[in-house]
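Using the sequences and the accompanying hints, generate a full structural model.
Protein chains in written order, with this note's numbering: chain A, 1 to 554; chain B, 1 to 254.
No lab work stands behind these hints: they were computed from the structure.
From the three backbone atoms N, C-alpha and C, an ideal C-beta is built for every residue, glycine too.
Check before you lean on any hint, since a few could be wrong.
[As the list claims (entries may be wrong)] Dumping the calculated DSS-like pairs for lysine-lysine here, alpha-carbon to alpha-carbon at most 30 Å:
1. K138(B) / K246(A)
2. K164(B) / K246(A)
3. K121(A) / K110(B)
4. K24(A) / K121(A)
[Claimed, not checked] Label-pair distances were calculated between CB atoms; the ranges are:
5. G317(A) / V51(B): 26 to 32 Å
6. D538(A) / W67(B): 55 to 61 Å
7. L328(A) / W67(B): 24 to 30 Å
8. F209(B) / S143(A): 38 to 44 Å
9. Y139(A) / I122(B): 37 to 43 Å
[As the list claims (entries may be wrong)] Pulled a few chain A residues facing chain B out of the computed Cβ check, cut under 10 Å:
10. H37
11. R202
12. I226
13. A227
14. L230
15. D249
16. K350
17. E524
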Amino acid sequence: MSATIVSLPDQSTARIPKVNFITKENGLLSWLLTGDHKRIAILYLISLSFFFFIGGALAGLIRLELLTPQTDLMATDTYNKVFTMHGVIMIFFFLVPSVPATLGNFLIPLMIGAKDLALPKINLLSWYLYIIGGILAIYTMASGGVDTGWTFTTPLSTHYVNTNVLSTGLAVFVAGFSSIFTGLNFIVTIHKMRCPGMTWFRMPLFVWAHYAASILMVLGTPVLAIAIVLVALERTIGIGVFDPTKGGDPLLFQHLFWFYSHPAVYIMILPGMGVISETISTFSRKRVFGYTAVAFSSVAIAVFGFFVWAHHMFIMGISNYSMLVFSLLTMLVAVPSAIKIFNWTFTLYKGSITFETPMLYTFGFMGLFTIGGLTGVFLGTSGTDIHLTETYFIVAHFHFVMVGGMLMAFLAGVHFWWPKMTGRMYPEKISQLAAVVTFIGFNLTFFPQFVLGTLGMPRRYASYPPEFQVLNVFSTAGATILGVGYLMPVLYLTWSLKYGAIAGNNPWQATGLEWQTQSPPLTENFLVTPIMDHEAYDYEWLENQNAKEVASVG
Amino acid sequence: MSDSTAIAHGAHAEAEAHEAHPAFLRHHFENVEQQADAAGFAMWLFLLTEVMFFGGLFTAYLIYRNWYYPAFVAASHQLDIFWGTLNTLLLISSSFTMAMGVWCAETRKKKGLVLCLVLTFILGIGFLGIKTIEYSEKIEKHHVPGFHYSLQSFLDPDSDPAAKAAGDKPLPLDMARHTEVYFSLYFVMTGMHAAHMIIGIAILGFMIFRARAGAYTAGHVTFVENFGLYWHFVDIIWIFLFPLLYLISRHANT
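Below, the structure is given as C-alpha cells:
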C-alpha cells in the first residue's frame with residue numbers, strides 16, 4: 001500500500017514560477033484595486049480568518065463563563081452580548097462567505113477554464129462591502145455590543161433592548177449585499193464563461209455546489225435585507241408592521257427572517273459539500289460515484305431549502321397544519337443530503353484511499369455532518385422539537401453541521417488547494433496532527449451538549465444548575481483543545497509560505513483543470529483557453545496526459 | 001513540468017481574439033457577444049434580487065390587507081387618485097423615452113440619445129416632485145406612522161373632505177388603528193420605490209454627461225441597455241404599487 005499520492009517535483013531544481021498572479025504587480029494598491037479573482041480570494045481569506053478568530057475568542061469567553069454554574073466571569077447582560085456577537089460574526093462574517101468567497105472565488109474560473117469571474121469589479125465591490133460590514137460589526141462591539149441574539153427577534157429587538165441593534169442590522173445588511181454580489185457573479189460566470197467543451201455535466205461537483213448555493217444567496221438574501229429595513233424602521237420611528245399594539249404581527253418578522261436564514265444554512269454547507277466531492281475523489285483515485293445524483297442533490301437541497309423555514313417556528317404559534325407540512329418538508333431535505341453521503345461512501349468503496357490532511361478533514365466532515373444532519377431530522381419532527389428547542393441540543397446540532405461540517409470542509413479545502421494558491425506544500429505531519437486534534441476537540445466540546453440538551457439545559461443563559469457542571473467542564477476543556485486545533489494551521493500555513501516544499505503544478509495528481517496550470521496560476525489563469533474533452537474526475541485521461549508529457553520531454 | 005504547462009489545445013482562440021478587439025472588450029472575455037451576454041444576464045439576476053426585496057413588502061401588504069380590509073380601504077381613500085394617475089403616466093412615459101434612448105444608442109444617434117435621457121431625467125424628477133406633494137399632504141394630516149399619528153379621518157370621516165367624498169363610514173376604534181399599518185406599508189413601499197428612483201436619476205445624470213461625450217454611440221451599448229432594464233423594473237414596481245395602494249375598491253361605498 002502506498003502511503004501517499006503526493007508527487008512533488010525534484011526539490012533541488014524546482015522553483016516557483018517567476019511570473020504568477022502574486023508577483024505580477026507589487027504594492028498594496030495593486031491588491032486593493034485588483035480585479036483578479038485569485039487576489040480577491042486571498043484578500044477574503046485574510047479578512048475571514050481575522051473575523052473567525054474574533055468569533056472564536058468570543059466562543060472561548062462563552063465556554064469559560066459556562067465552566068462554573070454561577071455567573072462569575074461576566075454579568076449576565078455581557079454574556080448576552082458575547083453570544084450575540086459570536087453568532088453574528090461567525091454566521092455573517094465567516095460561515096456565509098467562507099468557502100464561496102475564498103475557495104470559490106479562487107477556483108471557479110480555474111475549474112471551468114475561464115480567465116476570471118464574469119464581473120471582476122463587482123467581485124472587488126463585494127469584498128469592500130464585506131469589509132464595511134465587518135467594520136460596522138466591530139464598531140458595534142466597541143460601542144457596547146448588542147444582545148438580541150443573532151436572530152434579532154421582534155419585539156425584543158424593536159421595543160425592549162437598548163443596545164446597538166441598528167449598527168448590527170446595518171452591518172448584516174451591507175454584508176448581505178456582499179453575499180448577493182458574490183452569488184450573482186458565480187451564476188453569471190458558470191452560465192457564460194465555461195471554456196469550449198465544458199458542458200454542465202463535465203463541471204466539477206464543486207462548481208455545481210456553488211451554483212446551488214449562489215441561487216440561495218441571490219433569492220434569499222434580499223428578503224433578509226427588507227426584514228432588517230423593517231426592523232430598523234420599527235425601532236426608529238415605530239411604523240408598527242411588527243408591533244402587535246398597532247395591529248402588526250411579530251410572527252411576520254419570523255417568517256421573513258427565516259425565509260432567508262434557513263436557506264442560509266444551505267448557503268453555508270453546500271460549498272463545503274463541493275469541497276468534499278473534490279477531495280474524496282482525489283484521495284480515492286475514483287470518479288465520484290453517482291456524479292449526476294450528487295450534482296442534482298445540490299440543486300434539490302437549494303430548492304427544498306426554500307420551503308422548510310417554519311421549522312424554526314414550531315413553538316412560536318404557527319398553526320398545527322403548517323407545522324405538519326413544514327415537518328414533512330424538512331424531512332425531505334434529508335434525502336438529498338443523504339444521497340451525497342451515500343455517494344461519497346460508495347466513492348470510497350474499492351478506491352485507493354490515502355490519508356493526507358485534506359482527506360482526514362473530509363472523514364471528519366462525513367462523520368460529524370451525518371450526526372448533525374440526523375439530529376436535524378429529530379428537530380424537524382415537531383413533537384421532538386417542542387421538547388428540545390431552545391436547549392443545548394439545538395446548539396450541539398447546528399455546531400455539528402456548521403463547525404463539524406462546514407469548518408472541517410473549509411479546512412479540507414484550504415489544505416487541498418494551498419499548493420495551488422501559494423505554490424508551496426503545507427507540512428504534512430503536523431497538519432495531520434492538527435486535523436486529529438480538531439476532531440477530538442470538536443467531539444469533546446459539542447457531544448456533551450447533546451446530552452445537556454436532552455437533560456433540559458436551556459441555551460443562552462450564563463448560569464445553570466450545578467448538576468450540569470461535569471458535562472460543561474468537558475465541553476469547555478474540548479473547546480480549549482479545539483482552539484489549539486484551529487491555531488495550528490495559522491502557524492504552519494504561514495510558515496509554509498516561505499519554507500514549504502515546492503508543490504509543482506499537480507501535487508495530488510488530481511484531474512481538475514485548476515491542476516493542469518502552473519501553481520500559483522498566471523493572472524490570466526491559462527496560457528491558452530483550455531478545451532475540455534473528457535468527463536470530470538477522469539483519472540485515465542490524466543494518466544494519458546502524463547504519459548504524453550513524459551514522452552514529449554524525452 | 002515547466003512553468004508554462006497548460007492544456008495545449010485551443011491555439012486558434014488566441015489567434016481569433018486578435019482579429020476584433022475593440023477597446024471596451026474586457027480582457028477576460030473571449031468576444032464582444034460573450035461580454036454583452038454576461039452583463040445582460042447579470043442585470044436580470046440583479047433584478048431578480050430586487051423582486052425578492054420588494055417581495056417581502058408585498059407579502060406583508062397582502063397579509064395585512066386580508067386581515068384589516070376595511071382599514072385598508074378607508075386609508076387608501078386618503079390617497080389622491082389624481083396625483084397617483086399622473087405619476088403613473090409620467091413613469092410610463094419615462095419608460096418610453098428610456099426605450100427610445102436604448103434604440104438611439106443602438107442605432108448610434110447621439111443627439112437622440114441625449115434628448116431621450118434628458119427627457120427621462122425630467123420625467124423622473126417630475127415623479128419625485130409629485131411624490132413630495134403627496135407626502136406633504138400626509139404629513140399635514142398626521143398620517144405618518146409613529147409621528148403623532150391621527151385617527152381623526154377614520155373615526156369621524158365627515159371631518160375629512162377626502163373621506164367624506166368617498167362616502168366612508170366611521171370605523172370602530174380597533175379597526176381605525178390599523179390604518180397606521182396601511183400607512184406604514186404605504187411609506188415603506190413608495191419610499192423604497194422612490195429610493196430606487198433617486199439612484200436611477202443619479203445614474204441618468206451621469207449617463208447624460210457621458211452620452212454627450214459620445215460614450216454610448218460607438219457600438220458599446222451594454223450600459224444603456226442594462227440601465228434601461230433597471231428603469232423599466234422600477235416602473236413595473238410602480239405599476240403594481242399603484243393599484244394595490246390607490247385603487248383598492250374605489251367604489252366600495254357606492
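Discussion item. Checking each numbered hint in turn, tell me which of them this model violates, lowest number first.
Written reply: Violated hints: 11, 16; rest satisfied.
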